[in-house]
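Trainee: Each chain is listed here by its residues.
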Amino acid sequence: MAIIVDNDTRLVVQGLTGSEGRFHGLRNRSYGTNVVAGVTPGKGGQDVEGIPVFDTVAEAVERAGANTTLIFVPARFAADAVYEAVDSGIGTVIVITEHIPAHEMLRVYTYVRPKGITLVGPNCPGVLSPGKANAGIIPAEVFAEGAIGLVSRSGTLTYQIGYELAQLGLGNSSIVGIGGDPVPGSSFIDVLERFQADPETEFVVMVGEIGGDEEEKAAEFIRDRMTKPVLAYIAGFTAPPGKTMGHAGAIISGSSGTAQAKKEALEACGVRVGTTPTEVAELVADTVGTRA
Amino acid sequence: MAIIVDNDTRLVVQGLTGSEGRFHGLRNRSYGTNVVAGVTPGKGGQDVEGIPVFDTVAEAVERAGANTTLIFVPARFAADAVYEAVDSGIGTVIVITEHIPAHEMLRVYTYVRPKGITLVGPNCPGVLSPGKANAGIIPAEVFAEGAIGLVSRSGTLTYQIGYELAQLGLGNSSIVGIGGDPVPGSSFIDVLERFQADPETEFVVMVGEIGGDEEEKAAEFIRDRMTKPVLAYIAGFTAPPGKTMGHAGAIISGSSGTAQAKKEALEACGVRVGTTPTEVAELVADTVGTRA
Amino acid sequence: MDLYEYQGKELFARFGIPVSEGRLATTADEAAAAAEELGGEVVVKAQVLTGGRGKAGGIKLAEGADDARAKAEQILGLDIRGHVVRKLWIERASEIAKEYYLSLTFDRGAKKPLFMFTTQGGIDIEEVAEKHPDALVRLHVDPFEGFQPWQGRRLIYGAGLADPDEQKQILTIVGKLYAAFVGTDAMLTEINPLIVTPEGEVKALDSKFTVDDAALFRHPEIAEMRDLEAVPPEERAAREKDVTYVKLDGEVGILGNGAGLVMSTLDVIALAGGKPANFCDLGGGGDAEGVVDALEVITADPQVRSIFFNVFGGITRCDEVARGILAALERMSISHPIVVRLDGTNAEEGRRILAEASPDNLHVEPTMLDAARRAVELAA
Amino acid sequence: MDLYEYQGKELFARFGIPVSEGRLATTADEAAAAAEELGGEVVVKAQVLTGGRGKAGGIKLAEGADDARAKAEQILGLDIRGHVVRKLWIERASEIAKEYYLSLTFDRGAKKPLFMFTTQGGIDIEEVAEKHPDALVRLHVDPFEGFQPWQGRRLIYGAGLADPDEQKQILTIVGKLYAAFVGTDAMLTEINPLIVTPEGEVKALDSKFTVDDAALFRHPEIAEMRDLEAVPPEERAAREKDVTYVKLDGEVGILGNGAGLVMSTLDVIALAGGKPANFCDLGGGGDAEGVVDALEVITADPQVRSIFFNVFGGITRCDEVARGILAALERMSISHPIVVRLDGTNAEEGRRILAEASPDNLHVEPTMLDAARRAVELAA
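Chains as they are written, first to last, in my numbering: chain S, 1 to 292; chain P, 293 to 584; chain W, 585 to 964; chain G, 965 to 1344.
Take the hints with a grain of salt, since some may be wrong.
Unchecked claim - Below, a list of computed lysine-lysine pairs in the PhoX-like style, where the Cα atoms sit at most 25 Å apart:
(1) W:K715 / P:K509
(2) P:K335 / G:K1132
(3) W:K695 / P:K509
(4) W:K671 / W:K787
(5) P:K407 / W:K696
(6) G:K1132 / G:K1062
(7) G:K1051 / G:K1211
(8) G:K1211 / S:K217
(9) G:K1167 / G:K1132
(10) W:K695 / S:K115
(11) G:K1051 / P:K407
Simulated from the structure, these hints should not be mistaken for laboratory data.
Hey, can you work out the whole structure from these sequences and the hints?
Mentor: Okay, structure coming up:
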């Protein structure tokens, strides 16, 4: 099982012939991910170390059976790449590209979501299901196989926490980096919902940071809809307060967006919040131990 | 039961203070339809013979409990009126207005349909469920209460057929005029599906005309998905062949769009096609008699 | 509203789709002058709102002004499928290395615009669609997604277009065609053939362009392109009076309210053994003014022997229609027998009004079928 | 990217939203000249990328050129919440009959643009939102539906705006604000106050305008509005070197890869009893060049007593980072103690490289927590 990517994943890499796409596409394949195709317009017929390259995603779907895409194309072409993937029948879209304009992602999101397609990113490290598949840039060697779902807005911080868990002998069902963009294709709640439904996941760690109110919303979701234990970590207690223009932002969320506010919101919903990555791992170990 | 409008309908008329809106709104109320509100921007606070008028549909929903709207506003403002209704929580939208640009309706349709909202029209006579509610411009006095569902692209031709049925003592569960615009909010298939699901409807009459391939598609739907008997009438056997530009149209539908082609497609799917409105009514009477 | 080739090309050019330079001519002299101005070899093309020009001799090559004049004389006045040639498009002749086909249509079934592209363009595109469906790439565009570059790529790679220079030009044309389609509220834009010259230049050698009538208010410059003279004079007269009229070839004049009912009336007349003389829809109106206008148009047709007035009252009230008929008969002298069928709103009152006045040539019948039979009899 | 009031108003004006005429001034003399040109009473307004100007004395009325010069002298150089006033906006003074509030924001939660409107505009808008939520109308716009006239109506009728003339003007402004928001890829557009003059004219008296950095490539004219001098010099230096740096007030210099990890590092330093001197994110880079650049920026801060180098290798390889550190230490002379924590990709190799070289001031610690404690100790 795991979530989003697993043994059934048949990955196409949009932008496989670019330097990043090639590096990570091959790295994902080395990990064991079933990388079935690459797409680069005009390079159809070539291959990247045996991975066939097509001109269009439609061909990757029809001829290589791709069902998941990993997008590395430059920001200006990324929205086009997502539309192409979705309209070609791809069911899971993971966008690594950063700096996609927010208004453009807004339209992409609004188009994609009602179709029931899984969209992760943009500006995210991807998804790793240890022992099954890695689609993205997460360093898989840091993580062990296990029953802990991990969802995070941050990249390296996630690796840190995964590493701390592994040090204590704990592994992950899936690690999902949702990215920190204004319009993430998947929110904390979207991923928590999947972990709740995933039989392989017994425990969830959520890694948030300052800004926005997604952690606050997730807290309510955890209280109302989740039966699996969730533990949170928030980065940025010591961060300088963000400068925000105008009043609209504060009025909308009703939240200050500070780490303290998020911690309080989570604790009010019964979610424990670790103060350091190390403590998070220890708390998980305790809880898992308690349950075992 | 009946379909689309019934005793649970709480109708708001957008454009109630215009001459058409007023005439038909009051006529619908006289028939027994629960007309709860009108909307005309700038005329909030007024009333039309006791029907309260609001500035916005949101008020009609919040303060008068409207759940269905009947739109009479001029073509240039009609798309705006539909968006307002849908975004204000209205579940059933019936658009009488004609001459709405097709590209505009295309966007409206694409926006509205995924929300599960019922959209009928534009450029249609509305929906009548005899004995329950009338929302539109259908002359209700022509029709009797009964078990025959009637769906049509045409206005007066529908009245003719309803009249012929009534002459033979047969009545209707609901009469739905879907209109003949390039982008009808509800297709034959949409309405047939509802009649199939409606316990009060035992038999369905479908009234088509030349052009397009909706009747051909409906034929297949009837064959594959309907258990209730359906009888069809197609107008235009003698009509001059339409002039169409280019080849794209014919390539798309693969149908000539003639009445003869439609008749053959329907008969190939086991649907009998009456040659005159009178014969249609007689065939219905025979079939109903057979079943009784 | 259908546009002429030259009008469609004008719109193509406005949106950046390459077309050949040309001039409009309505006389042979104008054609000669245009050829002179353009220089070199030109094509003289009949401008008619129908297909099949080539086979009908409506397209001819000409070398120089005199030849263009001669070819224009041959083409002007030709009858192509009922359309008399009154306008010519004189354009610089193009050498053709390849003929492709590209269209963007309002697909009513899918409720999305539909691109179609094939490298097997030219005349017999419907045959390509039928016999080599894989060669014709079809791609719907979601109106909210709008045009995205990948759609162009899907078309060119799907059709197996291999030349990078052609790919580039056609990708651009595909995007501009979408812009033209949406920007003009088009129902159809078709380029057949989309040619490649021996030098590798891609351009639209023909245009089919249909614009949504309901959206013309947004495009006054396109609305002005309407060629009123292309419409048969009787239909033009009807349109001026807000009556929908199409001339047919029979002897029973038909008048009714609502397109569906009128079509049904034509069918019933045919079943009764008659031939309808026209299609005429009063629409929602039924007052004396509207009835007079419609009767004037119908009786102007010398073939008409009887008139069938078939009204089902809904919004239209039958009593008003009855009064309209009587008023019309007073104002104009009509000797044709008129058969009237009234049902629906206020039908009884309408029939009573007619019965009281009962002019000699007026026959009221109780049902549509009876009335049709009577009208056919009276036309015999 | 946040814009100054005058820049936002320039964009407002470009999209047809009425604003007062004004001039930019950077000296008292320019302010006087602007007042002279504008004539009559003017307002001298500090241009700073923060709120609270009024309370801080950054906005003053002036009558004529001399008065404007005097007021400008008072305002220029003021420190408003850490922002030193270097620019003034001199605009014709407006009489204010009513103050409304109108904004359009990119609502990340709902993933839709959000309109907010209230007739209770002015300074304390957050208080209105809290104490009289019904007075503040909120309306999301679906990006595919786009702006529709009913949305404007919902705002004005929802807020109980009764004057038809004001309604009309505000309906227009609402539509133009949406056009400005979408047309500039804005994240926030806020008009507070949106005033009504005693003559009934509605206009924007202030502007808050934030544009999406990622979309600036589409708006070169807005990108040019960036005021590099408004950024603290050390952050500017960092930005030129592609390093993300924010100065803080402590003594432990922080260097890490990835914003989340760096924030977490600040927190861990605080928990260990220290105070971070800065936030510094190397991003994906870790080569000598990047490390030198970052160390230069960090050590330029005289408060820094120790440096904590916290790297978790992912894409970044720890061996490369180790080599980068050594190369940096060779190229520049740093006396600060540096605590290094390396984990992740090639961490062992990285630690080995550092251990082999082992410069005196380099301390390698096995965990993030240990390293933080050590860095705090060394800064004491």
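Trainee: Please go over all the hints and tell whether each is borne out by the structure.
Mentor: Cross-check of the supplied hints:
no.: 1; hint: W:K715 / P:K509; in the structure: holds (23 Å)
no.: 2; hint: P:K335 / G:K1132; in the structure: holds (15 Å)
no.: 3; hint: W:K695 / P:K509; in the structure: holds (14 Å)
no.: 4; hint: W:K671 / W:K787; in the structure: holds (23 Å)
no.: 5; hint: P:K407 / W:K696; in the structure: holds (18 Å)
no.: 6; hint: G:K1132 / G:K1062; in the structure: holds (16 Å)
no.: 7; hint: G:K1051 / G:K1211; in the structure: holds (24 Å)
no.: 8; hint: G:K1211 / S:K217; in the structure: violated (31 Å)
no.: 9; hint: G:K1167 / G:K1132; in the structure: holds (13 Å)
no.: 10; hint: W:K695 / S:K115; in the structure: holds (17 Å)
no.: 11; hint: G:K1051 / P:K407; in the structure: violated (50 Å)
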